[in-house]
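Chain order of the listed sequences is A and B.
Using my numbering, the first residue of the first sequence is number 382, and each one after it goes up by one.
Using my numbering, the first residue of the second sequence is number 6, and each one after it goes up by one.
None of these hints come from the bench; they were simulated from the model.
Honestly, I wouldn't trust all of these hints.
[Stated by the list, open to error] So the derived label-pair ranges between C-beta atoms look like this:
#: 1; chain 1: A; residue 1: V466; chain 2: B; residue 2: E57; range: 11 to 21 Å
#: 2; chain 1: A; residue 1: R409; chain 2: B; residue 2: K105; range: 17 to 27 Å
#: 3; chain 1: A; residue 1: T411; chain 2: B; residue 2: K62; range: 18 to 28 Å
#: 4; chain 1: B; residue 1: K14; chain 2: A; residue 2: T411; range: 39 to 49 Å
#: 5; chain 1: B; residue 1: F15; chain 2: A; residue 2: V427; range: 19 to 29 Å
#: 6; chain 1: A; residue 1: Y445; chain 2: B; residue 2: V93; range: 20 to 30 Å
#: 7; chain 1: B; residue 1: S72; chain 2: A; residue 2: A382; range: 21 to 31 Å
[Unchecked claim] Chain B residues, not near chain A, derived (Cβ > 12 Å throughout):
#: 8; residue: Q16
#: 9; residue: T25
#: 10; residue: Q42
#: 11; residue: D61
#: 12; residue: Y69
#: 13; residue: N70
#: 14; residue: S72
#: 15; residue: S85
#: 16; residue: T91
#: 17; residue: Q110
#: 18; residue: G111
[Unchecked claim] Pairs of lysine-lysine residues, derived as DSS-like cross-links and limited to a Cα-Cα distance of at most 30 Å, are as follows:
#: 19; chain 1: B; residue 1: K19; chain 2: A; residue 2: K451
#: 20; chain 1: B; residue 1: K19; chain 2: A; residue 2: K384
#: 21; chain 1: B; residue 1: K105; chain 2: A; residue 2: K489
#: 22; chain 1: B; residue 1: K19; chain 2: B; residue 2: K62
#: 23; chain 1: A; residue 1: K419; chain 2: B; residue 2: K62
#: 24; chain 1: A; residue 1: K397; chain 2: A; residue 2: K419
#: 25; chain 1: A; residue 1: K419; chain 2: B; residue 2: K105
#: 26; chain 1: A; residue 1: K384; chain 2: A; residue 2: K489
#: 27; chain 1: B; residue 1: K62; chain 2: A; residue 2: K489
For glycine and all other residues, C-beta sits at the position ideal for the given N, C-alpha and C.
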Amino acid sequence: AQKVTQVQTEISVVEKEDVTLDCVYETRDTTYYLFWYKQPPSGELVFLIRRNSFDEQNEISGRYSWNFQKSTSSFNFTITASQVVDSAVYFCALSFVGGGADGLTFGKGTHLIIQP
Amino acid sequence: NAGVTQTPKFQVLKTGQSMTLQCAQDMNHNSMYWYRQDPGMGLRLIYYSASEGTTDKGEVPNGYNVSRLNKREFSLRLESAAPSQTSVYFCASSPTGVGKAFFGQGTRLTVV
Numbered sequence: 382a383q384k385v386t387q388v389q390t391e392i393s394v395v396e397k398e399d400v401t402l403d404c405v406y407e408t409r410d411t412t413y414y415l416f417w418y419k420q421p422p423s424g425e426l427v428f429l430i431r432r433n434s435f436d437e438q439n440e441i442s443g444r445y446s447w448n449f450q451k452s453t454s455s456f457n458f459t460i461t462a463s464q465v466v467d468s469a470v471y472f473c474a475l476s477f478v479g480g481g482a483d484g485l486t487f488g489k490g491t492h493l494i495i496q497p
Numbered sequence: 006n007a008g009v010t011q012t013p014k015f016q017v018l019k020t021g022q023s024m025t026l027q028c029a030q031d032m033n034h035n036s037m038y039w040y041r042q043d044p045g046m047g048l049r050l051i052y053y054s055a056s057e058g059t060t061d062k063g064e065v066p067n068g069y070n071v072s073r074l075n076k077r078e079f080s081l082r083l084e085s086a087a088p089s090q091t092s093v094y095f096c097a098s099s100p101t102g103v104g105k106a107f108f109g110q111g112t113r114l115t116v117v
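Please take these sequences and the hints and turn them into a complete structure.
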């Protein structure tokens, strides 16, 4: 069975600080996808990134960066120079490749609070 | 530019009542999903449909039924609502089984 663990339940930082959200996953599959989604207070789910298990390159998108380490089964998310608008619940998720649609296994989420 | 549309957005039911949550996508995706979100639990998969005419159970299917009416529509039915089904329900679609999932706005359901 697959499992996604988001280490921090809640993180609170002051604006402009850097913050890292940790995600550890378990799967027996050799091929899989990893995702991060953002859920702002309005409630919708916003896709941030998808990473294939064969691609261990780190990804940077503006203030956001992701560190994928297959050796430690981790897919961590860093926000640099955080802003109040980054306040949201962030979900890490795991899916597998092939065999039809099985959906995503989500972590329980990390509530990120950015204080002005 | 609708994407995934869920109706209704809010609903209050009495225990034992039935209702159907509707979901439609206009992106020609093959795969569709229903998730529920409970405080501190993340999202959990209820049912999914890999293609028109097929449905499969997810992690928490008990108390629910689904219908993939056509490629666009995937409905979730509660035959006899229970307070444990109070939750926020999300419908999602995906172009493949493991691609980026597009989510609807959610339905907040309260069973009293």
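Query raised in the report: Against the structure shown, which of the earlier numbered hints fail to hold, in ascending order?
Result: 1, 10, 11, 17, 18, 19 and 20
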